[in-house]
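One line per chain: the protein sequences are A and B, in this order. Take the first sequence: its position 59, counted from the start at 1, is 59 in my numbering, and no numbers get skipped. Take the second sequence: its position 245, counted from the start at 1, is 245 in my numbering, and no numbers get skipped.
These are calculated hints, taken from the structure and not from any lab test. Heads up, a few of these hints could be off.
[Unchecked claim] Straight-line Cα separation of at most 20 Å, SDA-like style, residue types lysine to any residue; simulated pairs: (1) Lys334/A with Lys269/A; (2) Lys286/A with Pro75/B; (3) Lys111/A with Ile190/B; (4) Lys111/A with Asp191/B; (5) Lys175/A with His140/A; (6) Lys55/A with Glu126/A; (7) Lys60/A with Ile80/A; (8) Lys291/B with Phe222/B; (9) Lys60/A with Leu76/A; (10) Lys286/A with Asp191/B; (11) Lys111/A with Leu83/B; (12) Lys111/A with Phe222/B; (13) Lys373/A with Thr279/B; (14) Lys202/A with Met236/A; (15) Lys114/B with Val141/A; (16) Lys114/B with His140/A; (17) Lys175/A with Pro149/A; (18) Lys269/A with Lys114/B; (19) Lys246/A with Met236/A; (20) Lys286/A with Gly99/B; (21) Lys113/B with Gly109/A; (22) Lys304/A with Ile330/A; (23) Lys145/B with Asp6/B; (24) Lys113/B with His140/A; (25) Lys202/A with Gly39/A; (26) Lys269/A with Ala261/B.
[Stated by the list, open to error] Just so you have them, the derived chain B footprint on chain A, three or more residues with Cβ under 8 Å: (27) 136–146; (28) 180–188; (29) 263–270.
Don't be surprised by glycine CBs; every beta carbon is placed ideally from N, CA and C.
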Amino acid sequence: MDLLEYQGKLLFARHGVPVPAGKPARTVEEAVAAAEEIGYPCAVKAQVQIGGRGKLGGIKIAANRDEAREHAEAILGMDIRGLTVYELWIEGASEIASEYYASVVFDRGAKAPLVMLSTKGGMDIEAVAAEDPGAIARLHVDPLLGFQPFHGRRLAYEAGVDADVVRPVGEMLAKLYNAFVAEEATLVEVNPLIVTPERQVKALDAKVTLDNNSLFRHPENAELRDLSAEDPQERMAHDRGLTYVKLDGNIGVLGNGAGLVMSTLDVVKGAGGEPANFLDAGGGSKSDAIVSAVEVILSDAKVKAVLFNIFGGITRCDEVARGLIEAFEIVKPKVPFVVRLDGTNDKEGRALLADANLPGVYTEATMDGAAAKVVELVA
Amino acid sequence: MSILVDNNTRLVTTGITGSEGTFHTLRNRDYGTQVVAGVTPGKGGQHVDGIPVFNTIAEAVDKQGANTAMIFVPPRFAADSILEAEEAGIELIIAITEGIPAHDELRAFQIIKKNGRSRLVGPNCPGILSPGKANVGIIPAAFFKEGNVGVVSRSGTLTYQVGNELAQQGFGNSTIVGIGGDPVPGTDFIDVLRLFQDDPDTELIVMCGEIGGDAEERAADFIAEYVTKPVVGYIAGFTAPPGKQMGHAGAIVSGSHGTAAAKAEALEARGVQVGRTPTQVAELAMATLGKP
Numbered sequence: 001m002d003l004l005e006y007q008g009k010l011l012f013a014r015h016g017v018p019v020p021a022g023k024p025a026r027t028v029e030e031a032v033a034a035a036e037e038i039g040y041p042c043a044v045k046a047q048v049q050i051g052g053r054g055k056l057g058g059i060k061i062a063a064n065r066d067e068a069r070e071h072a073e074a075i076l077g078m079d080i081r082g083l084t085v086y087e088l089w090i091e092g093a094s095e096i097a098s099e100y101y102a103s104v105v106f107d108r109g110a111k112a113p114l115v116m117l118s119t120k121g122g123m124d125i126e127a128v129a130a131e132d133p134g135a136i137a138r139l140h141v142d143p144l145l146g147f148q149p150f151h152g153r154r155l156a157y158e159a160g161v162d163a164d165v166v167r168p169v170g171e172m173l174a175k176l177y178n179a180f181v182a183e184e185a186t187l188v189e190v191n192p193l194i195v196t197p198e199r200q201v202k203a204l205d206a207k208v209t210l211d212n213n214s215l216f217r218h219p220e221n222a223e224l225r226d227l228s229a230e231d232p233q234e235r236m237a238h239d240r241g242l243t244y245v246k247l248d249g250n251i252g253v254l255g256n257g258a259g260l261v262m263s264t265l266d267v268v269k270g271a272g273g274e275p276a277n278f279l280d281a282g283g284g285s286k287s288d289a290i291v292s293a294v295e296v297i298l299s300d301a302k303v304k305a306v307l308f309n310i311f312g313g314i315t316r317c318d319e320v321a322r323g324l325i326e327a328f329e330i331v332k333p334k335v336p337f338v339v340r341l342d343g344t345n346d347k348e349g350r351a352l353l354a355d356a357n358l359p360g361v362y363t364e365a366t367m368d369g370a371a372a373k374v375v376e377l378v379a
Numbered sequence: 001m002s003i004l005v006d007n008n009t010r011l012v013t014t015g016i017t018g019s020e021g022t023f024h025t026l027r028n029r030d031y032g033t034q035v036v037a038g039v040t041p042g043k044g045g046q047h048v049d050g051i052p053v054f055n056t057i058a059e060a061v062d063k064q065g066a067n068t069a070m071i072f073v074p075p076r077f078a079a080d081s082i083l084e085a086e087e088a089g090i091e092l093i094i095a096i097t098e099g100i101p102a103h104d105e106l107r108a109f110q111i112i113k114k115n116g117r118s119r120l121v122g123p124n125c126p127g128i129l130s131p132g133k134a135n136v137g138i139i140p141a142a143f144f145k146e147g148n149v150g151v152v153s154r155s156g157t158l159t160y161q162v163g164n165e166l167a168q169q170g171f172g173n174s175t176i177v178g179i180g181g182d183p184v185p186g187t188d189f190i191d192v193l194r195l196f197q198d199d200p201d202t203e204l205i206v207m208c209g210e211i212g213g214d215a216e217e218r219a220a221d222f223i224a225e226y227v228t229k230p231v232v233g234y235i236a237g238f239t240a241p242p243g244k245q246m247g248h249a250g251a252i253v254s255g256s257h258g259t260a261a262a263k264a265e266a267l268e269a270r271g272v273q274v275g276r277t278p279t280q281v282a283e284l285a286m287a288t289l290g291k292p
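So here's chain B without its partners, still in its complex pose (with noise of 0.2 Å):
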């Protein structure tokens, strides 16, 4: 099994017809996800490399049974582009695009969570890749094979880094699951440590954060409480210089200033093992599960 994203999902993305937009639908499509729509207003009745575009999202879902959809368009345009998905209906919403400003992320988040209909994943996330089955994002899927290590990450990049640390091990993924780093992340670990504990074919779990917010330490607390699995960390950014800091306010929400080594302490005290190198991360994650 896997979370999220698989052989069900039914794609649509909003800019196909953007140069990346079609990049990447096209690559998320040749992994073999079912793309089955694209939206750009005004260039309704196209196609992209067969695709069809529509003008609206909700006739993407009327007439083509979209499911889910990944956000590509510009930032500004984006906050726009997630509610209209919500309204269409769409179950699930990944928004990969990345500079939208933090107070249209707030409202869009507000009305997805009082509506209760869909989930946003992102924004400025890489999207979700259930290797075998979907991938819906910019994750270069050729690293990573089915398996049942489960990975949710902050960063990116990163998370290839270490997803491919641990594919060097033999590891395979259930599913990478990029949250995003953005303010206020439509998903967030928590959420996503809860999908995992949940599904029995991830055995372990993979958590790579970062500096700032307090993110890590609530998922701390809820790994105590209520994941079961075994979860390695892992945390970048210990030999950064502490960050200007601009007001309290942020200190007082968090208790913390939101570094690599409180973010650590809150998941060692719970139980987690945290590696200090991408490299430390796939060893440990060998030492709890053995040779895959």
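Okay, chain A solo, but in the shape it has when bound (with noise of 0.2 Å):
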């Protein structure tokens, strides 16, 4: 689950990372009574998981109250890129000497976290790494051991950072890892970590990724949502616990496995068609499961077809069978469906699809063969 800058923000300080004082705002009220609690001059901040949102006028700094509401009224509802304003962040203006980098993220290759520092932030860091891999500090942590005070230091002295701040900027990333630990983050990166005229060290942006996995130990991170990301289907699909991305076409798909789904959207593909979402029932789907799925899939109202592409191992594709004929029972859908079963069960699978002789459903003994036929009955 991804943080928005807020959302983000506020873990930090639960962990001691220094940030600017700030409120979250949901409306023009609310953000003028926040300006006002904060002071002058401060900055009314878009929430969107948008980068860049400060160049499309998603970020503004008021001088006064005047200039606040007229931030907020322009920013909250305004588009960027696709995505409603719904919340700001009002925070105090912060005066920049320097601006740093870090981040702390799962290294897959590595199997460990990686805790990275740069002197060159506030930039577009990729293009840094890619031109100049030298100017990122970077050190694996094995967490049996955790990161230690002298990791920071090691870590600001490679990195170049300014002698007097060496200290605290340790500090900030021993607190950064210790928030990826706690909250059980797979990302926490701050760009820009700035150094005020003042000397003092603080994280003037916020982006956290958190392990879905571990929300069940995190009440309150579960709790946060994101409302401008929120497509009404897939919040639906999420509701019953499937993984649904909506996309352009008009062929619904249904597959079990992540990668069976992607790779039956590329066969889709270059059989001429366009579907219309990606969406994983998961392993050991049940028939309810079945019955949710084919409910949120006709829910856009573009799909003209189903194609269900299961290959069961842990799926048993009788559930499937029974998913699909009290789908047909209670969903009563009005275009066409294409099933391909093989694996766990799938003699029983079939013969249930035969016995129960559904209207526009036909079946299909290999995925190309399903693919084309979704195809051609869209055409």
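With the hints as a guide, dock the two chains, each given alone in a separate frame, to form the complex.
Structure follows, in structure tokens:
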């Protein structure tokens, strides 16, 4: 789960990472009240997960109450690259002497957390990494040892931060690492990490990705929402425990397992079709999950036909067939379905479908054949 | 021959008394795998269709000589179960459980690595099948027969799809290994590629990847360095919409955004043929080895 800037900053603050004082706001009145409390000048920042929102008009500095109101009115509800702004973060404007970059990320290759620090913050850090990799100091942390104070100093010296802030920058890295572990994040990134003219060190931005699988241990994080990024169909799927991504085409796709579903999208596209969605019904899908999945897929009015591509391992094909039969009773789809069932209990599943003789349901023996058939049906 | 699981495998299933644990353990036994024990705390002394159940993995090792563990317990208890197997001296731990917290995986992996006694495959993987010898996990074994093609994959169901395409062309498999798609896989492509390279019965290796991360790119480097056997690749997700990128740290680490095109390019640059569909993978295998 990706957090909004303000959610990340509030999380940082809980772990002692210095951030500018700020408050979230969902209305103009709340924004003005927050600005009055924080004082001027203050920044009015759109809360959407889009890089470069400042350049797109999503961040403005207010010098007084009227400007705070004017900016809040302008930014709330605005569309930034397809995302609607529902929330603002009002924070005290910061003066900047230096801009650094800091992050803690799961390094899948090394199978260890990687802490990075660079003095080339505030700009496109990927370009820095590509052109001048030496400008980023890196350290893999042994998770059984943890991040020690000397690690922070070592990174700060290696990155070449100003001598007078080596200690506070090192301490901030330790706090970011602690937040990464305590909140079970997979990414914590600060760009820029600033040094003020008074030589204070602060996180001026916050990007945090939390591990969805650990949210049961963090009920307060599980409550966090990003209203701007919520597609109604995706929300419906999420609430029903399905992984669904909406796409632009007219062929609904359901499969089991992310790899097979992605492969199915590739094959449908190769056959000349346009998938309407990615839907992974997951491992061990029971019939009620299939009913939910059919409802989610058909809630997209553009869908003209649906392809089921199941290769059961832990998923049992007879459960999928039962789910489809139930879905036809409950949802009564008006579009044709093409179904390919292979794997665990496939014979039972195919027999159930044959007996049910559902209207507009075609069975195919292979993935390629099923893709060709569904493309033919929407043509 | 084969790799990782075979006639010497003596399996203990943790979580054997759960419905999925029972179903798949019995399927594994029906296939011919030596299932010697199950573990569910509090149910020691019971039996599941004749398989003795113990309270701890250590007992299953002591009394039944278990050397391989299949982890089937719910995600929040799975890392504990993996570490229990490690401490009991299990050589091969195959974790099927999906949804284990990433930090739990990280800690379990680091402890296993530090102690150097066990190999972990998974979590969130379909398991390992050596056709004609042993099946540990949830791979539907009926589709596969003995042969000379080794398959390694990050995705369970995609493994079945690609394996099935190979089977339709008449190919059999030395071993099929699902390494799982989690952030911290206990065993990765490189480990399995090395085992297949060293396995005399594997003549062709099929490697199935998917978008995200840089495991395929690292595997490509390893193939260039170490693997002399032919490798055919497949990457799922060519038409996947570019995911929302959160932060840049991941891309800095891997130097890529994990697209299918970048992965295919990395593999092809090192002489690996990459099929664009599962069917094409089987065609490339045919072109390389000839009709089986």
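*asked:* Going through the numbered hints above, which ones does this structure break? Give me the numbers in ascending order.
replied: 1, 8, 10, 14, 18
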